[in-house]
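Quick note, the sequences are listed as chains A, B and C, same order. Counting from 1, position 247 in the first sequence corresponds to residue 247 in my numbering; the numbering is continuous, with no gaps. Count along the second sequence from 1, add 1000, and you get the number used in my numbering. Count along the third sequence from 1, add 2000, and you get the number used in my numbering.
Calculated from the structure, these hints are not laboratory results. Take the hints with a grain of salt, since some may be wrong.
[Unchecked claim] Ranges between beta-carbon positions, derived for each pair:
# : chain 1 : residue 1 : chain 2 : residue 2 : range
1 : B       : Ile1200   : A       : Glu206    : 41 to 51 Å
2 : B       : Arg1036   : A       : Gly133    : 53 to 63 Å
3 : B       : Leu1295   : C       : Pro2070   : 42 to 52 Å
Glycine included, every Cβ here is placed at the ideal spot set by N, Cα and C.
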Amino acid sequence: MATGIRNPVTADLPLAAFPYLAVRGVGFAYRRDAPVLRDLSFDVQRGRLANILGPNGSGKSTLLRILVGLLAPGSGEVRLGGALLADYPRAALARRVGYVPQETAQATGFTVLETVLLGRSPHTGALGFEVPGDWYAARQALHLTDTELFAERSLDELSGGERQRVIIARALAQEPELILLDEPTAFLDIKHQHTIYGLLRRLVREGGKTVLCVSHDVNLAAAYADDLILMDHGHVAAAGKPEEVLRAEILSPVYEMPIEVRKDKTTGRPYVMPRPQA
Amino acid sequence: MNPRPLTLRSYLQSIGAWAGLWACVCLVAVLFGGERLWTMPSREQVMDILASRLYAVLVASVVGAALSLAGLAFQALLRNPLADPFVLGVSGGAALGVILSGVFVTVIGAPLFGFVGALVTIGVIYAVAQRRGRIEPYTLLLTGIVVNAFYAAAIMLVNSLVSPVRRADIAYWMMGAISTLNPDWSLVAMVGGLTIAAGIGFAFLAKGFNLVAVGEDTAGALGVRVERLRLVTFVAAGLVTGASVALAGPIGFVGLICPHILRMAMGPDHRRLVPASFFFGATFLVLADLATRLLEGVGGQTPPVGVLTAMAGVPFFIYLLRVRWRRASEIR
Amino acid sequence: MRHPFFQLAALLVAAAGIVVGCGRTAPSPEAGDAGDLRILSLTPNITEVLFAMGLGNKIVGRSNYCTWPPEALAIPAVGDTLQMNQEKIIALRPTHAFVITSRRDVIGALEKMGIRTVPLKADRMDELLVSIRSIGRETGRADAAEALVGRIQKDLAAVRDRVKGLARPRTLFAFPMTVGSAQMMVAGRGTFVDELMAVAGAENAFPDAANWPTISTERIIAFAPEVVIVNATGDDAAGDRLEAIRRAWANWKSIPAVAKGRVYILTEPYLTIPGPRMGLAAEKLAEVIHLPAGGAGEGAR
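All chains should be built: construct the whole structure from the sequences, respecting the hints.
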């Protein structure tokens, strides 16, 4: 797997020695006087479903765009598989990292199959010719996301939940090791929210992927994620397993309102109960 | 549109089919487009007429391909289905260069001045629209509109200052000047080379066009260097537009309509659209130019080709819109 | 209708009506003796006619394009039929206006200024002669008009006599156009130039009745003219334009005129529009049409 890693030192050591994704002291500001991320540090281990939480404006989306390589951090570093993110050539990075951005309605006229095939771009040649392997990967991705029946339909015809699955399929078609998702369940109903997270968990458990998800839905993340990273004003407030992070004394100051944490008796996982105002 | 993989073989096959169509149309245009060759008394006359037609067919092919490609590229670059090669004002720069040169400096070297005008305009637009070295579609479009307005005013100023004879010259040239008494084969070869280079270049950018149409972030995440793509597309499409206008005047409609016709027939995949635009644009303009020669018999004089592209393009486009195409696509 | 915009518009319309109503009515045709003639001439060949009739000193205003004879340049210019400087015209107090146009708004505008406006036609030889006589009638100089008509007819007859019996070559008269001078407008049958060619003893290679069509290269080749005359006037004769025209024609050796070196570029400006110099124009054409093959390549000014 040629990834073009330029740092030969880290390439020799066993991968398990490193956290798969290591973020160290990352800072970022769109404008000089308004930093969005401040000395941010956390790890994501291989083969885990990690979820980033935090109130609006905590910098979650910005962080994700840095992790995809769309933005360069102002300070600090990000390492993927031991090598600096900046050292990866763009196409090589696209072959390792799949990105599912926030839902944007783009009517381009592509069918579902064509959309998923777009995910093969990092693998197809300069002129974009396809080989049977590309079609196999695309069909696999459609199968995994349960969207095979839509293959010939135009993307614009699908519902929000179906469209989201197709975008995930597109990311899967890249055959990535790491999948980054930005608010994948933001506009979906309850059933589809759980379908998506169920899919993510299956990708981790059965597909061997590493998934890092940004979400504002605390309970959904609590129910499915292996690790949680709680952000507050561009900084990591807490990171670890759900029961370690979801505690009233941690959550209340971050969300600036009284929050109770209960335990779900069936799953054993915590869930939060914000106290209504008045 | 049945889904078939885009393999090297299918790519070459479709290019072959398009090229074959274009070649047939050219052959018909050269052999049958105008005076009846077999009634000519002398062999020299036949050779001269063939040469004149061959030149017209070559110019029409090169300009048609160039404008069609540029239109496709600008539509992708600006995320705007109404974009055509002239929307950014590069054609205005080329036209003004040719007109100023033709009126005040030199007639023989006028196309060169046109090309210089295009180059200057590309530089100016980039300088005005860029922000920290990056160009956004929205600012590019606004800058282009303003630049276009400037050139329209400048050409009107020149028009008001020159004699009525010159004014008529300019007006006629602005409607497209493919047929000419004075063929410049080396100029056609140069513009042709530039157009082919642009076609090849855009073929390599086609994947990027597809991805950018879906979203800037998605494209970046899938390995596209969006900024570089924008800059290269802008410069290449601008150059090829400027060269076309310097060669044959501003011929409207081709760059707007050909990509749309193809999109309705073939779908939004730029990998297929780029080679198709190249050959379809060439074929389209060859047919339009052929029509001007055929209509000469009817009206007594040759109508300008720019008039025909508009009048032929509109009904054809309406026809396609009405007939149900499964893939009427929109770029937003 | 209470809106201020409508009230303002109504006020303006009323004001305009008052101004128009106060305009003087046009004086009657026979304006008395030539002493109080003040003539406005808005067309170049009419200006020439007036000078040729000895009325040059009665012209008080001319169009920008009336540049012949040289004495005309001393007369104030007031624009052209498309854009008249009405204030200037009014200041010059013309009594008569001679203009070649069919535009009712131009004629109407002049009449509203109290000027006796005479629209004339002069697209063909006979029309010009009729116009000369009209001017004679209007200005009370019928004798000068007849004299001019006689002179012109004599000149034309002289040319006809000279070319009698000579071969009539198939001739194309072309006007270069478009940036690059690479397209040609040719004189069709029935135009003034066509008439001149007939006088000068040539057959128009363009066979159809037409005005000045722009025709394709291959039609020119098909016509195979034996003589080609290209009229490059004014700044068409400047710079490398003549060179461009020469190069253009030289491309097509199958045209007999090109092969035999009988493509003539004439720069005289009076060849295409009927005027007092018609005779001269016919003479000039006859000169090049009946030159031996391989003679002078272009006419001198």
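Here is what the structure says about each hint:
no.	hint	result
1	B:Ile1200 <-> A:Glu206: 41 to 51 Å	holds, 44 Å
2	B:Arg1036 <-> A:Gly133: 53 to 63 Å	holds, 57 Å
3	B:Leu1295 <-> C:Pro2070: 42 to 52 Å	holds, 45 Å
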